[in-house]
Amino acid sequence: MTAKRPRVADYPLAETQPSKVLGPNCRSLEELTLQGIMDGTITMEDLRITPSALEAQADIAEAAGRPNLAANFRRASELTRVPQEVIMATYERLRPGRASRKQELLEAARQLRETYDAHRIADFVEEAAEVYERRGLYKFRY
Amino acid sequence: MEDDASRGANRWRRFDDWDNRPLRLDNFALEDPANGFSAMNGARDPAPSATVDGGRITVLDGVPEDEFDMIDLFIARHHLDPAMVEEAMAIPSIEVARMLVDVNVPRNRLVQLSRGMTPAKLAEVVAHLNSMEIAFAYSKMRARATPGNQAHVTNAKDDPLQLAADAAVAVALGFDEIETTMRVARNSWSNALACCVGSVVGRAGTLFQCSSEEAEELQIGMAGFTSYAETVSVYGTEKSFIDGDDTPWSKAFLAAAYASRGIKMRCTSGAAAELLMGYHEAKSLLYLEARCLCMQRAMGAQGTQNGGIDGAPLAASIPGGVRELMAENLIAVWLDLECASGNDARSSESEIRIGAKILPFLIAGSDLICSGFGSILKYDNSFNPSSFNGEELEDYLVLQRDFEADGGLTPQGEDALLATRKRAVEALSAVLEELKLAEPDEDMKQSVVVASGSDQTRSFSAGHATRISSSIATRQISVLDVIRALNKRGFREEAENLLFLVKLRLSGDYLQTSAVIRNNRVISAINDPNRYDGPGTGYRLTEARRKEIANIRGVLDQGEVLRTEATFQRVEEGRIRYRSIGPAQQGAIAREVVVGLSPGFGSKLFRTTAGHPLSAVLMDIRAGIEEAGGTARFVRFLHTADTSFLGLSAARLSGSGIGIGLQAKGTAVIHRKDRLPHNNLELFSNAPITKLEHYRGLGRNAALYASGAEPEPIVVPTRGEALGARHHARVALIYAIETGLVRDGAEPEELAVDFLRDNQ
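Going down the list, the sequences are from chains A and B. My numbering numbers the first residue of the first sequence as 188 and each following residue consecutively. My numbering numbers the first residue of the second sequence as 1166 and each following residue consecutively.
There's no promise every hint is true.
As the list claims (entries may be wrong) - Simulated pairs of lysine-lysine, DSS-like, Cα-Cα distance not exceeding 30 Å:
no., chain 1, residue 1, chain 2, residue 2
1, B, Lys1668, B, Lys1601
2, A, Lys326, A, Lys289
3, B, Lys1543, B, Lys1653
4, A, Lys326, B, Lys1404
5, A, Lys191, A, Lys207
6, B, Lys1610, B, Lys1712
7, A, Lys191, B, Lys1668
8, A, Lys289, B, Lys1653
9, B, Lys1712, B, Lys1653
10, B, Lys1610, B, Lys1653
11, B, Lys1601, A, Lys207
12, B, Lys1769, B, Lys1838
Unchecked claim - Anything over 10 Å on all C-beta distances counts as not near chain B; from chain A, calculated:
no., residue
13, Lys191
14, Thr267
15, Arg322
Hints are computed from structural coordinates only; laboratory data are not their basis. Since this is a predicted model, take the numbers as computed values, not measurements. Note that CB positions come from ideal geometry on N, CA and C, so glycine has one too.
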């Protein structure tokens, strides 16, 4: 978004730097017009948040003293690259009793890390895999 | 009154009265900590403790690391800041409690300390505070300065037209967020589209969520219809969490998933959920909720919806349960979370309990005072009735006005709301037609525009909504299709408003803590932080906002009172004529009763507060005097407007020494010339419930006193009406008109009173 990491004073980004808030196709906020929607040049893809916007919000959250919120935004930044069905499948696998053994979660983590470059999320899933083993959550529920 | 029920009764009958009050429909439960029925003092609540070893938490609230359950593990790894633990846990809880209410200890310092505190420590600290201190600390600790509110918008038929109209009304009233859910789960897409369109009528920026199954909710968000979610539920015991079909890790993953799609998200938790789910571990409501809140902060949620939520009625059945709900909201904001502070599921059938419960939040302010104010009627609320509903909405508006407290809402006039409903129904109809989803006819639309609730509509049924919903889902209609349809059909403003809303997700500004949109701007804890350090600081009403809140409907002013009186004047002129025939003389007739009229009587004011024409009052008084053998004489006083002095002055002019004082508003007194001003013979002080027959009786008694008799006093029966509330604003305005005519030393005037033909 910007070379310098945004700070609290840069918030809200849509107001302080509207031309630098870009969608995945590099369209700025100003380019997202009603006319563009009417003539079909703007798609849902143009309205998706980007990894850099989430990283910028993470920087702001951190500067405002909210490290956990920032960490969530950084995990989210990685998930922008992950398709919806993979997200839903991973979520499903993280629910109790869905994975029948630790290896399934570790495999999901590996896929996130290798296919989508999502290291933080992968670490997080691996942590879940270890905790679920400790707490006996790999058991049949339905 | 005839009353035989006393015979043979062996119970004080007041208990019958109490049995019949709505309060007695509420369940109350015995405090029973071993079975989980304890607000703040569970049988197995641990003592606060934490041990840090090599940067790792090895003991948490008495539990050693190898015995941590998944909740302990999540809190130990993601909530507690090892660098803060030693310092924060070392401060005695009572001292931290005092810091929470000390205006000289900044919020930031307390937020920092909270990150070194375990759930048991947080719970122990807030348990030291009484209810007032909790509310005060809440006001100081909440994250965003400007208070807000959230509405439920649902109906019993899942009728999309009504959803659009009611969503638009909620927006007009100022709700920052609206939330819908369905009677029939499959109707989620239809509900979402309808509320989405309604929510952009009138202004842009109201956030909207459709509460449904997790995966579907995210899909609806992806299609651009919704902008936030709050169904990410968290539970305070491991077994409840698993029965809720999640873990802290799965929920944290979902939190990141929402943010990755640019959708605002908060978690949900609240007292008594574990008790309802059967896995309370003999721990108190507050301790379990403290665990929930630590997890939510740990997973990086920006906020929470807590304060009982679905468990609120159960919490309220326990001693101290309502104080506990306030305390758990306090922990949420202390942990620096946005707080949608409950006041949601109706926790009592007693309107007094409901009104009392809302007050601390109304005066303290909250990010979202209700995490679901029923903007629709109770029976239309698909979440179940809220504390406040469409029925009681005006009560809430008046509470804001009474306490000059910003509850997030702004009163709207009848015409404005009708126009809003019409516009929303037309806009949604256009979208439904344009997208070939349905073709609502004029009768359907009209019935919805004027309907208070779905019982009064002739519109879509839940089955219609199912077909609309499935069509939206299978054809993958998105918010862009809706924007196009709106614009194509001339709803350009709504199209722009909706575009504004979906563009918010690009910057992600509204993902920050406590974000809402006001006047097309994102405000949050970042750019509108709550900084309270004593009187004169923190959120204050501006004069403009104060005026908005005060502007409820049906307020009286003197001009309006005079206009109303003027309409009665014309009628009265056909019934009665008052002629001044010179200075009033001392009477000599032994059986005469002087009726002393107030300065504005029949000249500026023409009916009593009960609505009786003054001509009729005088006729009955005269008839009463005459039927008891007396003679009536009418005198106008201009030196006083006070009933007692009118009565005493009349008595002193009277040949019998008995007089009646009568004000235009209908207050009347019988006086005797030798008594002190306020020591009268009989008084009708409750003019609004005084009937003409009472005035006739008053005349009769006055004449009987004049003859030396001791009549039975006339008693005007009251049924306990709040006459002051019903009448005093008008009375004060009327009485000011009377006192405005008073002239010091003015002589009494003899009046000839002619009753005219219209009166017969």
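Review point. Which of the numbered hints are not met once you compare them with the structure shown?
Key: Violated hints: 3, 6, 8, 9, 11, 14, 15; rest satisfied.
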